[in-house]
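There are 4 protein chains.
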Amino acid sequence: MKKHVIIGAGILGASAAYHLARAGEAVTIIDRADPGQATQAAAGIICPWISQRRNKAWYALVKAGAAYYPSLIKELEAEGEHETGYKRVGALSLHTDPKKLDELVKRAEKRKLDAPEIGKITRLSAQEVQELFPPISEKIEGVHISGAARVDGAALKDALLRSATRHGAEMVSGDAVLVLDKDQKVVIRVNDAAYHADSIVVTAGAWADNVLASLNIKFNVQAQKAQILHLELPEQQTDHWPVVIPQGDQYLLAFEEGRIVAGATHEDNVGFDQRVTASGSLELLSKALHHAPGLADASVQNVKVGFRPFTPNFLPVIGRLPGYEHILVANGLGATGLTMGPYLGSELAKMAIDLETEIDLSLYSLSHAMKKDASTHP
Amino acid sequence: MKKHVIIGAGILGASAAYHLARAGEAVTIIDRADPGQATQAAAGIICPWISQRRNKAWYALVKAGAAYYPSLIKELEAEGEHETGYKRVGALSLHTDPKKLDELVKRAEKRKLDAPEIGKITRLSAQEVQELFPPISEKIEGVHISGAARVDGAALKDALLRSATRHGAEMVSGDAVLVLDKDQKVVIRVNDAAYHADSIVVTAGAWADNVLASLNIKFNVQAQKAQILHLELPEQQTDHWPVVIPQGDQYLLAFEEGRIVAGATHEDNVGFDQRVTASGSLELLSKALHHAPGLADASVQNVKVGFRPFTPNFLPVIGRLPGYEHILVANGLGATGLTMGPYLGSELAKMAIDLETEIDLSLYSLSHAMKKDASTHP
Amino acid sequence: MKKHVIIGAGILGASAAYHLARAGEAVTIIDRADPGQATQAAAGIICPWISQRRNKAWYALVKAGAAYYPSLIKELEAEGEHETGYKRVGALSLHTDPKKLDELVKRAEKRKLDAPEIGKITRLSAQEVQELFPPISEKIEGVHISGAARVDGAALKDALLRSATRHGAEMVSGDAVLVLDKDQKVVIRVNDAAYHADSIVVTAGAWADNVLASLNIKFNVQAQKAQILHLELPEQQTDHWPVVIPQGDQYLLAFEEGRIVAGATHEDNVGFDQRVTASGSLELLSKALHHAPGLADASVQNVKVGFRPFTPNFLPVIGRLPGYEHILVANGLGATGLTMGPYLGSELAKMAIDLETEIDLSLYSLSHAMKKDASTHP
Amino acid sequence: MKKHVIIGAGILGASAAYHLARAGEAVTIIDRADPGQATQAAAGIICPWISQRRNKAWYALVKAGAAYYPSLIKELEAEGEHETGYKRVGALSLHTDPKKLDELVKRAEKRKLDAPEIGKITRLSAQEVQELFPPISEKIEGVHISGAARVDGAALKDALLRSATRHGAEMVSGDAVLVLDKDQKVVIRVNDAAYHADSIVVTAGAWADNVLASLNIKFNVQAQKAQILHLELPEQQTDHWPVVIPQGDQYLLAFEEGRIVAGATHEDNVGFDQRVTASGSLELLSKALHHAPGLADASVQNVKVGFRPFTPNFLPVIGRLPGYEHILVANGLGATGLTMGPYLGSELAKMAIDLETEIDLSLYSLSHAMKKDASTHP
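Chains as they are written, first to last, in the working numbering: chain A, 48 to 425; chain B, 48 to 425; chain C, 48 to 425; chain D, 48 to 425.
For the record, the hints were derived by calculation from the structure and aren't laboratory data. Among these hints, one or two may not hold up.
Note that identical chains are pooled: a pair holds if it fits in a single copy or bridges any two copies.
What the hints assert, rightly or not - EDC-like cross-link-like pairs, simulated, lysine to aspartate or glutamate; straight-line CA separation at most 16 Å:
#1 K265 <-> D228
#2 K134 <-> E303
#3 K186 <-> E124
#4 K397 <-> D407
#5 K418 <-> D228
#6 K49 <-> E217
#7 K159 <-> E126
#8 K50 <-> D401
#9 K265 <-> D239
#10 K134 <-> E122
Being a predicted model, the structure only gives us computed values, none of them experimental.
Please take these sequences and the hints and turn them into a complete structure.
Here you go:
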């Protein structure tokens with residue numbers, strides 16, 4: 048049994064911890080519970096198959112991530128975890144141009160060949176669209192993907208961590224600092240204590256740069272701020288509504304008891320500003336009401352804030368840290384963290400106990416997120 | 048000494064109570080503290096002189112109302128009331144068309160002839176505008192009116208009620224119902240008790256219809272919902288910023304410590320719906336950021352809701368209720384309630400003790416808000 | 048088909064509307080959506096069998112109310128209403144004196160004879176208690192009642208109203224005033240319209256006095272303010288936890304995702320004060336942490352406020368209004384409104400269409416809540 | 048002109064930045080805006096003279112800190128900073144034992160000899176106490192200290208930073224990491240950039256351990272969590288009420304418009320947990336209502352959270368970091384940060400430009416907060 052320290056308990060770290068603890072390994076998870084943790088704020092759509100992004104390395108991950116969910120949820124439920132935040136409600140993709148929808152159907156059918164989990168693909172009339180998600184404008188047609196799901200990031204993460212803890216993992220709340228001791232060995236300092244570990248898994252998302260900086264490593268991950276709007280349609284039963292993927296970059300999710308989530312902004316270069324801003328709220332509201340005019344009378348509950356981690360080439364990275372082979376890093380999951388996270392976490396767990404991974408690690412080399420050194424400020 | 052019962056403790060009722068109590072009368076104020084009381088939510092601008100509304104009866108009231116403030120505030124301060132919510136910070140009127148601003152200057156100068164309280168009228172360049180209220184776009188010119196003020200409705204109302212109480216007025220929390228007893232005399236029922244009074248002052252704003260309905264009187268006042276946005280510009284000193292009156296129907300107010308208020312929606316026919324809605328928030332944010340792009344990065348604090356009372360001809364009404372000469376009613380102050388309210392309240396107080404009023408009551412006859420009977424629902 | 052107007056859409060009015068609409072009657076529901084509606088704030092326990100209250104008339108109602116739930120929920124689910132807020136999670140009754148628990152078991156077993164819905168009655172050790180509801184102090188023993196349930200008042204009410212609407216009921220938002228027209232017939236005035244009805248059902252809870260006052264009827268219902276604390280135990284799965292009934296007047300309810308509700312204060316003579324007060328919060332927190340020390344580290348989410356209606360003899364009343372035989376009134380459900388409400392609503396529906404009721408109406412006569420006249424204020 | 052980088056913009060860093068920028072130095076302030084910054088949450092009492100703590104080194108700092116305020120505020124106002132959050136409202140010290148109050152008067156009079164800023168010291172009867180702060184129980188006597196003041200930490204910090212910025216200081220939002228470059232020189236890494244500086248001022252409060260950890264220095268500062276309760280007494284004018292220092296460790300502060308602040312908890316070993324907890328709220332409410340029963344009916348607005356930094360001997364430390372003479376550190380101001388902070392910041396500024404300090408640095412040596420190394424976790 049080896050000792051593993053995981054730094055960062057978002058979806059990625061929680062999944063890695065869960066898999067390692069279930070495998071009988073000694074696991075310590077350190078998290079500083081920063082407000083704005085991407086997973087905590089996220090309400091995600093699991094529907095990667097209809098994306099137009101052509102990058103194959105990226106698609107391999109989201110596809111595997113989506114396919115991985117059902118077995119993971121089953122496993123968690125078998126352990127008594129019933130509040131996983133996951134529900135297969137189907138997705139509704141909308142477009143004003145019917146041709147685009149026909150193309151989408153074709154694209155989806157093609158992808159279904161090796162992704163049967165996509166489920167049934169159905170072209171819908173404007174009226175059918177509105178029946179499935181009543182607040183939508185009556186003039187827009189769509190495509191329904193029955194295999195798509197919604198997931199509440201915080202609920203899933205909590206289920207993974209509860210299970211990991213049951214399997215012996217230890218949770219430590221604090222700020223982990225990596226330091227070299229006199230023998231040039233990496234020590235993990237947190238609060239008053241110092242930890243040594245056989246493997247160190249750095250899954251610190253948008254904050255990873257900071258974790259690695261003390262080793263004088265410049266890790267190039269950028270925080271992208273997401274503001275996410277929570278509405279409530281009073282007196283409506285909405286638990287079964289599908290997720291909605293309109294044109295553009297916004298999505299709509301329904302939860303039980305009239306709760307609707309509209310997300311999200313994509314704000315670069317604002318640092319870790321936790322504030323709900325006027326411009327962010329304006330963008331969320333104007334897009335939501337454009338796509339679903341029937342939300343006009345919904346009440347505004349609140350706006351949550353999270354920070355997605357991005358690498359320079361917008362691809363996830365995963366691998367061993369050059370010069371520190373026992374430090375594993377995964378990062379850059381961007382806007383599809385909930386789709387990929389549980390799966391990539393299981394891959395990280397394999398690496399930590401020297402098992403072979405399913406994914407081709409060469410496609411996601413850490414080198415894409417490394418710089419020689421920081422630019423010097425004049 | 049006569050006994051007066053005042054129903055409704057908004058700005059109008061609070062002012063009437065204050066004046067009656069100071070005059071040594073016996074005063075009971077009944078208020079059911081409905082959420083959405085217009086005064087409670089309101090943050091007002093006292094700057095009636097530049098309005099383009101041509102109705103003379105209306106202008107007489109707002110002009111007198113604005114002129115009345117300084118002496119009222121002085122009087123309150125002399126009594127130890129320093130938190131009146133009133134501050135003479137000046138107003139900034141904006142327009143994209145410089146000609147309209149020149150006209151505004153002329154109009155204001157003309158009105159200054161018999162309204163010297165308007166203060167100094169200054170034409171401002173775009174740069175001067177922005178210096179006075181930095182978040183405003185740099186391309187817009189304006190006019191500055193030094194005599195304008197801002198007032199926090201809840202604070203002023205509280206100051207008036209505190210003072211009334213000090214002068215012996217009694218506050219009762221509850222729902223007043225007017226009932227005819229066996230002798231056909233009006234009894235005021237509230238909670239477990241029944242009150243008789245020499246004069247009954249009904250200042251129940253948007254709820255007045257309900258108060259008078261049990262006398263089988265159809266009082267035609269409509270509630271107009273106002274949602275009001277509260278922003279915060281972190282780390283800014285904003286207490287001295289002028290109120291801003293852009294084109295259109297929105298205004299911007301600054302308070303201390305970066306607090307900015309942008310108001311308000313004008314929503315008819317939604318009843319007393321207290322909810323902050325998606326469409327209301329969208330309207331407030333889009334107008335505020337249009338006028339003052341520098342607010343984009345302000346944080347959203349909350350949205351308040353109030354209900355303005357309107358009469359069919361959009362004019363205030365004040366008078367004695369036909370058939371019930373000891374029942375005084377004033378209502379319909381609409382969007383200028385904070386400007387007129389304290390003044391009209393003092394006029395109501397005069398009527399209650401049979402003094403002559405300053406205003407020409409014939410212009411504001413209750414008959415404008417009376418119907419023979421309610422329409423019958425099929 | 049007769050026309051029915053229901054005034055007040057709490058649990059009682061919603062249930063009456065549901066049953067009438069399902070029976071094919073014409074139904075209009077008028078509600079002014081007052082904040083503090085008891086049903087809206089309530090999170091209830093359905094477990095009447097262990098009460099020590101000896102009043103048989105009262106017990107008959109709560110027993111029938113609890114027994115009525117399963118069939119109602121089944122009926123609603125058959126109509127597609129899956130978010131009813133009801134879940135049979137069992138109840139845990141606690142006492143420091145083991146003898147009292149043994150007595151409770153006896154009392155419950157005796158009551159089970161004609162109330163098999165009580166389910167299994169199990170005496171629990173302190174350890175078993177804590178296993179079922181971990182935050183409880185480890186020193187207290189208990190009794191488990193498997194047939195008990197929790198219900199979210201707002202969710203159930205919404206399900207009933209959605210269903211009523213589907214069956215043709217009309218919802219009107221506004222303040223209903225009962226007025227006599229020239230022919231001394233009762234007209235229901237709301238907003239701009241006037242309604243006539245074959246039956247008028249007044250289910251206005253703590254506000255009913257006000258509805259009836261304009262008919263010069265003194266209806267003696269008192270509002271009792273309830274403040275209800277919402278906590279969150281982060282990262283816990285709590286959906287299946289039983290409701291907890293400790294000694295004293297507080298209860299603890301768990302919902303999904305760590306949400307714990309502790310209620311409630313019983314505040315008389317404070318009117319309809321919507322505020323969360325320091326003393327109310329203090330009482331809720333000190334009792335909750337006394338009973339369940341493990342909640343010490345829970346986070347405080349918010350405090351809700353509702354107003355329970357009580358009659359002078361603490362018994363519900365139901366019947367026809369003297370002098371106005373077509374006006375049906377039910378009220379005074381007090382702290383067990385969620386237990387009795389759906390059942391009593393179905394009884395009201397029967398009365399409105401002249402069917403015989405199950406309950407003995409003579410036990411719940413309106414006369415218990417009627418006064419000759421209001422006391423006169425000096 | 049030298050280049051200074053200040054890490055941490057709490058009251059200490061803001062004051063240092065202000066003084067350096069006013070002196071014409073080049074200043075960069077880096078702050079990561081962690082929620083829970085002690086200054087941001089703090090509402091402070093400036094009244095050090097009556098403390099029974101006998102440590103002379105500590106008293107020298109709080110005494111100097113309090114004496115320094117009037118000139119600082121004057122200076123800020125001269126620059127146009129009118130929202131400094133400071134107001135000299137006097138303090139009310141309470142005790143159930145009149146002898147203790149007499150002793151307090153003696154102690155205060157003695158201290159007044161070299162601290163005339165203490166103002167007038169007045170023994171008060173229970174009635175006089177209640178007149179000054181009405182919610183207090185009528186049975187307790189007190190002592191009034193006219194020179195005491197209240198200060199709003201966030202407002203004062205903002206005023207200092209605004210002024211510093213006006214004098215050319217640059218604000219950077221981000222997480223500063225100290226790294227050694229190849230030449231073993233300290234580089235400050237933040238976001239994408241690297242800074243060099245002639246002096247580095249580390250005023251990172253409870254987070255300083257983390258800033259220094261990457262230099263492999265174990266800095267022994269502990270975070271003590273403070274929860275602070277905000278109440279509102281509706282319709283009261285409270286701006287002039289004195290601060291209240293009852294027996295025990297709680298205080299009460301009044302601000303304008305009925306706002307009352309009761310603080311604070313002292314929670315050790317909970318890390319940086321931002322949550323408002325049930326036990327924390329309970330402690331705050333029970334103490335506040337014990338001291339001031341008249342707050343029972345106040346409404347609960349919210350609870351804020353901050354983290355005070357403490358050193359092992361509970362004394363502030365200030366000095367040059369051993370081995371890195373150009374790194375200045377001050378920390379450990381504990382519960383009197385607002386009293387000492389502005390003054391100590393001015394001393395730090397002197398050190399940074401090699402001026403002599405007023406205080407005897409040997410009393411506050413950094414060595415009190417240094418450990419050889421972190422304990423190793425088994």
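Open item on the list: Under the constraints set out in the numbered hints, which ones does this structure not fulfil?
Closed with: 3 and 7
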